[in-house]
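> Chain A is already provided as a structure; the job is to place chain B on it using the hints.
The listed protein sequences correspond, in order, to chains A and B. Numbering that gives the first Met the number 0 numbers the first residue of the first sequence as 0 and each following residue consecutively. Numbering that gives the first Met the number 0 numbers the first residue of the second sequence as 0 and each following residue consecutively.
What the hints contain is simulated information worked out from the structure, not anything from laboratory work. The structure displayed is predicted, hence computed values, not measured ones. By construction, the Cβ of each residue, glycine as well, lies at the ideal position given by its N, Cα and C atoms. Incorrect hints may have been included.
Straight-line C-alpha distance at most 25 Å; calculated BS3-like pairs for lysine-lysine [what the hints assert, rightly or not]:
#  : chain 1 : residue 1 : chain 2 : residue 2
1  : A       : Lys-526   : A       : Lys-542
2  : A       : Lys-327   : A       : Lys-262
3  : A       : Lys-75    : A       : Lys-97
4  : A       : Lys-42    : A       : Lys-14
5  : B       : Lys-387   : B       : Lys-248
6  : B       : Lys-173   : B       : Lys-113
7  : A       : Lys-545   : A       : Lys-526
8  : B       : Lys-457   : B       : Lys-553
9  : B       : Lys-387   : A       : Lys-166
10 : A       : Lys-65    : A       : Lys-42
11 : A       : Lys-75    : B       : Lys-240
12 : B       : Lys-173   : A       : Lys-459
13 : A       : Lys-359   : B       : Lys-387
14 : B       : Lys-20    : B       : Lys-113
15 : B       : Lys-163   : B       : Lys-173
16 : A       : Lys-546   : A       : Lys-526
17 : A       : Lys-65    : A       : Lys-367
18 : A       : Lys-359   : A       : Lys-75
19 : B       : Lys-248   : A       : Lys-367
20 : A       : Lys-43    : A       : Lys-14
21 : B       : Lys-163   : B       : Lys-113
22 : B       : Lys-240   : A       : Lys-359
23 : B       : Lys-387   : A       : Lys-97
24 : B       : Lys-248   : A       : Lys-359
A few chain A residues that don't get close to chain B, going by computed Cβ distances all over 12 Å [what the hints assert, rightly or not]:
#  : residue
25 : Gln-78
26 : Ser-232
27 : Thr-472
28 : Asp-503
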Amino acid sequence: MLSECFIASTLASSKAPASATLRDVGVCVHEFQPTLNLRSTFKKSSTAANCLAVSPSHVFAAQSEKAIVHVYSREKGNQEATVPFPERIRSIAVAGGKNGDVLVLGTQGGRLILWETCTGRQVATTASHLRPVTSLVVDPNSNFILSGSSDASIHVWSLVDLLSFTKPPSGRDRQPPNSPIRTFSNHRAAITAIAVGHSAGRYNIAVSAADDSTAIAWDYHTGRLLRTFLLPSNAKSLALDPADRAFYVGYEDGSIQSIDFYKNQSIQNPLHDPSLQSTPSQPPAEDRWAPPSADCGAAHALTLCYDGMTLLSGHQNGKVLSWTVGRKKYASTVADYTHPVTNLFMLPPNGLPHPSLDLKRVAHTIVKPRYDSSLSETSQAAGAVPADYTFSTHLLPSISSKPNSAKPDQFTEAFSHAYFPESMLEEGLAELAAFSQPTSNGAPVSSIAQGISDEDLAAKDSQISQLEAELATLKKKSSVNETARQSTTDEVTKLRSDLANLHDYINELHEKQEQAQREKILRQARKEERETRRREAWFAAEKKGKKGDAVLRKMDAEDTVMTSDTDDQSSDE
Amino acid sequence: MAYMSMSLHAVNHRLTNVPVKQLPHLASCLASSISNCGELLSTPQSQKSGKTDSDNAVQIHKLITRLGSLLQDRTYEGRWTAVVLVKALVEAGQWEILRSSEPFVRGLISILAKSDPISTKKMCIITLTRIFHLTYQYPTLVREITTPALPGFITSALNLISVKPSSEPVRKLKPNTPFVEVVLQAVNELIARHPTIFRPFTAQIHSLLQVIIGSTSPTFPEHVLEIAQQLFISLHNCAPKNTGGDEWKSACRMTITSVHAASSYVLRAVVEQWESVDPSLRQMSQPQNYSQEVGNGPDALGLEGWQGLNSGVNRLVVLLRMLSGFVGTATASTVTIPVGAILDLTSRLNMVVYPSGSSDIQANPQIGRAEREQLLTELPRIHIACMKLLLDLVNALETSAIPVAQTILEQVLWVFRAEQFSRDVRTAVYDLVCVLLTRIGPSMTKQSVSSMAFIIRKCCHDLLPPTGNQNAATEKPDPKSKNKSSSQATVNADSFLNPGLKQVRQTSSSSSFPDLTRAASELLAATLTHTPSEFLSPALRAEVDRTLILTSDKNAMLASVLNPFPAMQGRGVGTSILPFLARSHPAETEVECLIRPRMPVVMTGLTANGYVPMEDDDDDEDEDEAITAVPASTSTGFLKPTPTPTLQHDDMMDVEKDIPSPPSKRSYADEVEQPAAPTIATTSPSLQSKKPRFEPKAAAVTQPPLDAASPATFTGTAAISVPTSSIAGPAPVQTPKPAQSSIAKPSALAAAAAADDESDDEMPSLNVDPDTEDEDEDEE
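In isolation and in its complexed conformation, chain A is listed as follows:
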């Protein structure tokens, strides 16, 4: 449920509180909206003005007239520690943004002490103020500390310079380390209150009030005066509008005054109008809101609620009054703590989504300041972060998912989906379809198949098709080869057979030749034989005295008959 609370602290006084619940109580957490009631209390504390600081996890209360700070745990609702310091603490503020991890303490001696509540490191500054530091504020960036003192000056310190292990290269003006970077000295009397604007940019303003009845708006980045306001009396407390349009001053007599920066219809921000800067302005008296009764006492603390339309003031007589900003008048008494109310803090409302205030970590317990040598800045090697510099905190799960995991991963997507993302279902369907194939064949699903995910299947499919294609080409190639080989073999066989035929032919021819030779020889022989016979016949005829020639003729005729009968081949011879 949406609720808004404030924290108030009191300065112990001799008066006894009316109700038993408020006995011993020093710090109260009070619900302001929707219903007024006391939420919780922290006991045994007495704080002067500007001596209470609130972080999301803790409440720090510097005890008046003492050199100790009480640390209360807001989670547990108890006092967690009592931290002693070497000097009296006159003012206190929390730095470190939404986590409030650095406590800034202003001491009686005019120096600041910075305490990193998560590491226990402690840094002290030079005693640049001549009188006690009575008011402290830290700018929204946690880069600058503004400290006001009763010596009428306001110092601007760079938190970064004070805390850095490695000192950034310093400017030409060699200042002693840990000294203020700027001093605002337009006030003529002790500073009573400082308020800082809500901008994170470089045109942020600070408003300071002093006992010289002035309030000054100035630019703490440059130390330049923007406006001077002449107040009817000495301001005790200040509060700035959430949009920095006006500020509110609490006076000693319990009255409140609202001072609007935008009085004139000017297009330029009047604070930054150079023509107005030199002339002090006197806010009209009707802006002063009278307290309901004269015995309220000084307004020690002011705070504005979240919407900036209700102002709460803590008074000397222990009352917390609420004022309506719009109607510029007292509205009601919110609470009565009997003791003087010295500090008031409106807490950011619960239940309002506030991304910039979402804590990423929380410190359940503080680490008390350590005085061991390794952390004191003098003994360590220049610039090095000591090895035992550790940071205690509880890292919380981040509400918003990490921006770097932009690629939605399957698990988280499915996890937060109403059932399952479509892609996953499709994948499953495909797998089921692949599964149903073997089941329809009646074959049991092999356990090997289980191990194959869809992507594998797809990959395999493509691989298989690729292989098949390859196979086909190979087959084609081999068939081509085969035919080629076939044809060569055919050719070879044909050639071989041709060769054989040729051999046969040659043999035949050889045979024929031989036969012809033989016949020739035979014929020769026959011829010779006939010759011989004819000669013999001629001789015989001659011997017989017959005419040899006639015998010969007769023999020739016989021969021709013989040859024509027996041997036709001899006819050519």
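Leaving out everything else, chain B in the frame of chain A:
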């Protein structure tokens, strides 16, 4: 309600009548019907009275029973559908369904052991995790459902990815299981919420994670590694009561030790200059066997050893990522982040950089050149991991990073100086510097801002379209260039032949490295927003503004307009790129509320005399730089056929002079008008500074007023078209006024002019703008 009960009825009908084999195809639409009935399903039973409600109750009961039986179905299809619908039902029904989800849980766990398809099992794990997750907020349901079922689920899920060989609490990872990621995710989701139930399993999970994180080759996919690292870190949740913080711390310490051990080997090729701030680490270095291949045995975390430089660098990067996981992951309780030790580690790793002009490394003579060169090429990877670690550290500490921010910044600058050639290093550095600036930017000194100047320059360079082929074009018009002919020889002919080429290239360059571009433009915006603007040198600021105009980056342009460059003595009024912003983003809300504010606005912060005093002399050098740098850019700008208006910062200055002044101008004009002639002498210094503005007008007075109103006095070149148009606004307002007043009191004007002459030295030569630039160019 009627619709819901009807659709529930329809779902039941289909579930019972459609054959189980065909159910998977209906699953998607059935599931969406069920999730649409969320209101009906989550209505508490007690509120259900009357006939229709009892009918609904019957339907719901029927659905639950049917799904229960489907989970036990014989077919894969039935079980698959059941898993999908159970998730839909549980998501829709919340507590009402969850309280009767015990049989679902049993059925789902039994599916994990069956031989179901992978998708069924994956969805099973997700559904179960979701059920356990949803029950967490109801302690009774946790007692009834989660506590009894979770151990069984863990066992079967772990069985999917590993085998438990024996009774000892160690598991062996199955090779190539598709479930590693989903199981680790599920365990990671549940471990922080049910630490006691997971406690008996931590040793088993730990042994699995060691294998996953420690595998150097082949490594697991990045997202698996990431989730394994997260789980490894989350294991501290299971530590017995109140020791979670110690467990976390020791795991973190061991990781740091492991990184140190690994880097002693990986970096052995160079002699390290680093000396630890931790005395215990100083004696750590052991003698190494340099003759062997680089490698390391099992380390403090129990990860297995590695061999080879590549594996070593992989291991180093994995461990550094794990370390950034430590500072980025939610913890169980308060932990102590060892900031000092982490910075010590990063300073060691960042100390060794790629050798460049300013930094040289000392080579280890015992190591061969090949290994050293390999190491040097791997360095950017290590440094990117370091940057990521530092970024996560700063993000975790937020404002508490202030004490160490300067230390980190110095490490980053050191690395960037040496390794800006690597695109990924640049991206990582831009991201880190951007975060650092938001923390410590406002209180930076001039020195630290100027030490960052080269990063910002590089940043501009990254955002601008590639200018490689413009060099030739810029040289050509320069009459003094001696090497004109030689440069012509190397000109990219395409740029002449095809002027459209550049246009294409510009559009493509912006999309080529989206990460780098994003980081660079964020850094520019952060620089303008968070660092004191007077500390940026004018030349650099001009370069930044020019880049912003050319890239039309709205956020960075807004940052530039909102943080104007402060006016300096003798340099004219503050400058602004507001007209460009108005041109490029006319419809944006931010631009609207900047230009036409409904509420009062903060103007440029001028001091009483209108100027911020510049205290340092070296500014003069910067200014000189600016002047010399400007004409060069001018010439490139004019000759570039770029599609965007190529306005150099000189032109901007013209514009700038006019932009912030209109309101003040008007007020000055009023002041001049109201007091009559005698009062002019008494005008405040602010008025004096104003006077020069009348000079051109005074000249125009002699002419007819019509002439004066025309923009002829603004002898703008073509490139100044935008400025002139923006000037048109204030000009008509003004011109009649000087005309009247000058006619009424010419002597006053003369006096003003005279005063002008006298006070020339202390006044900026406001007299209008383009002239000065033209002169500069002429001089050139």
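> Failing hints, ascending?
none
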